[in-house]
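Trainee: So the chains spell out like this:
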Amino acid sequence: MSEIALGADAHGAKVTLEPGSFRDRTARVFYHDGKIFRGLNETALKEWHALSATNFYRRLSASGAIVPTEQRDFTSLPAEARSAKAGTSDQWAGVLEHERLPFVSYPYEWSFEMLRDAALLQLDLVLAGLDEGIGLKDASAYNLQWKGASPVFVDVASFYKRAEGEPWVGYRQFCQMFLYPLLVQAYRDVPFQPWMRGSIDGMDAEVCLNLLSARDYARSGVLAHVYLQAKAQKAYNATTRDVRKDLSKAGFDKRIIKANAERLRALVAGLQWKPKQTTWSDYVKCGHYEASDAEQKRAFVREAVHTRDWALAWDIGCNVGVFSRIAAERAKYVVAMDADHLAIDKLYQALKSERVANILPLIVNVTDPSPNLGWRNLERKRIDERGRPDLVLALALIHHVVIGGNIPMAEFVEWLKGLGGDLVIEFVTRKDPMVVTLLRNKEDHYADYNEDVFERELAARFRIVKRQPLGSGTRIMYHAQLAH
Amino acid sequence: MKKTPFLLIAYFVWVSETRVDAYLDPGSGSMLVQLLLGGVAGAAVIMKLGWQRFKDVFRSSKAKQTDPNE
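Taken in order, these protein sequences are the chains called A and B. Just so you know, our numbering puts 124 at position 124 of the first sequence, and the rest follows in order with no gaps. Just so you know, our numbering puts 57 at position 57 of the second sequence, and the rest follows in order with no gaps.
If you are wondering where the hints come from, they were derived from the structure by calculation, not from laboratory data. For every residue, glycine included, the Cβ atom is placed at its ideal position computed from N, Cα and C. A few of these clues could be false.
Unchecked claim - Sample of chain A residues facing chain B (criterion: CB under 7 Å; computed from the structure):
{"hint": "1", "residue": "D138"}
{"hint": "2", "residue": "A224"}
{"hint": "3", "residue": "L228"}
{"hint": "4", "residue": "Q233"}
{"hint": "5", "residue": "L247"}
{"hint": "6", "residue": "G251"}
{"hint": "7", "residue": "A299"}
What the hints assert, rightly or not - Computed spacing ranges between beta-carbons, pair by pair:
{"hint": "8", "chain 1": "B", "residue 1": "Y23", "chain 2": "A", "residue 2": "I464", "range": "48 to 56 Å"}
{"hint": "9", "chain 1": "A", "residue 1": "E164", "chain 2": "B", "residue 2": "A43", "range": "12 to 20 Å"}
{"hint": "10", "chain 1": "A", "residue 1": "N406", "chain 2": "B", "residue 2": "G39", "range": "52 to 60 Å"}
{"hint": "11", "chain 1": "B", "residue 1": "Y23", "chain 2": "A", "residue 2": "E99", "range": "53 to 61 Å"}
{"hint": "12", "chain 1": "A", "residue 1": "E164", "chain 2": "B", "residue 2": "M47", "range": "16 to 24 Å"}
{"hint": "13", "chain 1": "B", "residue 1": "A43", "chain 2": "A", "residue 2": "Q272", "range": "25 to 33 Å"}
{"hint": "14", "chain 1": "B", "residue 1": "Y23", "chain 2": "A", "residue 2": "A238", "range": "37 to 45 Å"}
{"hint": "15", "chain 1": "A", "residue 1": "G405", "chain 2": "B", "residue 2": "A43", "range": "54 to 62 Å"}
{"hint": "16", "chain 1": "B", "residue 1": "G39", "chain 2": "A", "residue 2": "A311", "range": "19 to 27 Å"}
{"hint": "17", "chain 1": "B", "residue 1": "Y23", "chain 2": "A", "residue 2": "E164", "range": "15 to 23 Å"}
{"hint": "18", "chain 1": "A", "residue 1": "W375", "chain 2": "B", "residue 2": "M47", "range": "22 to 30 Å"}
{"hint": "19", "chain 1": "B", "residue 1": "G39", "chain 2": "A", "residue 2": "W375", "range": "32 to 40 Å"}
Using the sequences and the accompanying hints, generate a full structural model.
Mentor: Now the structure itself:
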């Protein structure tokens with residue numbers, strides 16, 4: 001249960017609240033009949049009317065940078081959807097409908113380049129808005145989503161008419177959710193995803209400072225955005241002064257925000273993560289496969305993919321996405337997942353340069369997938385509650401899960417069944433050099449890791465449509481459908 | 001021409017709001033740091049606020065505690 005049920009309309013279509021949309025009390029996201037809406041109070045509705053009349057909004061929504069949004073006549077919606085607060089007669093002043101994105105993802109599933117591009121879009125919105133008097137109430141990385149390899153800003157209730165004298169309200173949050181995670185990865189090679197997954201508000205200035213070394217103080221952005229900000233936050237933590245009012249009186253104006261945001265933009269654009277090559281991102285190039293095996297495997301996957309159209313495919317353990325691309329030939333949308341950061345970063349960059357709109361690359365470790373997080377454990381949803389696939393590719397994965405991750409074979413196959421889609425899976429036999437390597441330093445407790453057990457477990461849950469050993473003899477391909 | 005009245009109304013409705021309906025604390029310290037990063041315009045505001053007061057922000061908390069004037 002990751003949505004809060006409110007009721008249902010006359011046709012039984014449920015109205016559910018998005019449990020992660022509660023921080024800004026002027027608006028709230030809810031779902032009805034497969035559509036996504038945002039209820040607005042009077043203030044938010046005024047902001048929307050003004051915003052939607054600006055060139056800023058028209059330009060950025062036309063370019064796809066802001067999610068397509070329309071105001072709806074909400075008298076047709078059931079009473080529960082019109083109510084601003086469950087159980088009261090307070091009604092929203094207006095309701096917007098947003099285009100529903102194919103798959104929701106979170107910053108702890110993004111690669112370095114993805115978080116960087118999301119940060120740049122956030123800054124571009126701040127800068128473009130300034131010219132037309134528009135500010136952003138916040139700078140949460142969760143306000144950005146993806147359409148393939150393009151970031152999309154989804155929280156239109158974040159925009160407001162900026163009064164003269166207002167500072168950039170979201171600056172601190174921008175640092176916590178974008179800048180600090182990027183800095184620690186670029187300067188220290190510390191992956192930001194575990195930090196983002198561990199803290200819904202991102203990384204504090206103090207924590208970022210502690211992760212950097214003295215040498216890093218001389219590097220771009222550290223002294224001002226990290227050191228001074230950590231100091232200033234500490235010094236002013238308990239102040240009773242109204243700093244905001246003081247600044248407004250002293251003439252804080254948009255040129256200050258512009259100068260800061262432009263410098264931040266240059267800083268973020270210049271950050272680079274230079275990792276050592278990781279095992280899997282070299283996988284394709286290194287040729288763990290005989291050339292003929294690779295060709296047979298591609299043909300097998302393509303044949304299974306082309307049996308019909310698919311709404312959503314998951315390619316689990318996608319590496320650099322060779323098979324995600326094949327899945328995308330017939331799937332409306334493909335989520336390409338791998339635990340390897342560099343593989344996902346490379347895939348993202350390739351998809352971005354090719355402007356591929358139907359493959360979303362995400363960093364996901366299938367033996368430790370994204371859980372429910374945040375307030376009441378409902379704010380951020382576990383990955384399998386954000387859209388069930390009707391096609392699952394699990395190629396060259398099972399040995400990592402069962403031997404590398406110590407997951408019992410039966411549990412893994414059961415989990416795959418639970419995803420609810422057709423399955424294209426590759427079994428890597430014990431004779432395969434990859435399996436030999438995985439077992440070299442381990443006691444072999446993996447009696448369940450053999451072809452017979454695998455086939456038995458698979459056949460107990462799926463109907464095996466096709467089975468084909470690859471030429472080298474160490475790998476077997478299966479296309480399996482859910483047994484009903 | 002038809003659009004003008006709507007735009008005008010929208011504009012006046014909007015400018016009548018003077019302060020953001022804020023739910024996020026921008027952080028007092030972070031607001032002050034923005035001045036340092038704000039180029040010439042930021043420097044001008046620092047001058048107006050008073051350099052001495054601004055400097056206090058970045059003094060160590062230990063020095064602050066022993067300051068009899070605090």
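Trainee: Could you run down the list of hints and mark each one as holding or not?
Mentor: Each hint, compared with the structure:
A cut of 7 Å between beta carbons decides the hint on A/D138: the least distance to chain B is about 5 Å, and the hint holds. Satisfaction of the interface hint for A/A224 is found here, the shortest Cβ-Cβ separation to chain B being roughly 6 Å, below the 7 Å cut-off. Residue-level restraint check for A/L228 holds (minimum Cβ-Cβ distance to chain B is 5 Å; threshold 7 Å). Below 7 Å, beta-carbon pairs count as interface contacts, and A/Q233 has one with chain B at about 4 Å; its hint therefore holds.
Annotation: A/L247 was flagged as interfacial toward chain B, and the flag holds, the nearest CB pair being 6 Å apart, inside 7 Å. At a threshold of 7 Å, the smallest CB-CB gap from A/G251 to chain B is about 6 Å, leaving the interface hint in force. The restraint placing A/A299 at the interface with chain B is violated, with a minimum CB-CB distance near 53 Å, outside the 7 Å limit. Between B/Y23 and A/I464 the CB atoms are about 54 Å apart, so this pair conforms to the stated range of 48 to 56 Å.
Roughly 19 Å separates the CB atoms of A/E164 and B/A43, a value that falls within the hinted 12 to 20 Å. Taking 52 to 60 Å as the suggested C-beta distance range, the pair A/N406 and B/G39 conforms, at roughly 56 Å. At roughly 25 Å, the beta-carbon separation of B/Y23 and A/E99 lies outside the given 53 to 61 Å, and the hint is violated. A beta carbon spacing of about 19 Å between A/E164 and B/M47 agrees with the range 16 to 24 Å that was offered as a hint.
For the pair B/A43 and A/Q272, the supplied restraint of 25 to 33 Å holds, since their beta-carbon distance comes to about 31 Å. The hinted window of 37 to 45 Å between B/Y23 and A/A238 is violated, with their beta carbons roughly 21 Å apart. For A/G405 and B/A43, the Cβ-Cβ distance of about 56 Å falls inside the hinted range of 54 to 62 Å, so the restraint holds. Here the CB-CB span from B/G39 to A/A311 is close to 50 Å, at odds with the stated 19 to 27 Å.
Between B/Y23 and A/E164 the C-beta distance comes to about 21 Å, which sits within the given range of 15 to 23 Å. The supplied range of 22 to 30 Å is broken by A/W375 and B/M47, whose beta-carbon atoms lie about 43 Å from each other. Taken as a hint, the range 32 to 40 Å holds for the pair B/G39 and A/W375, whose Cβ atoms sit roughly 39 Å apart.
Hint compliance for this structure: hints 7, 11, 14, 16, 18 are broken, all remaining hints hold.
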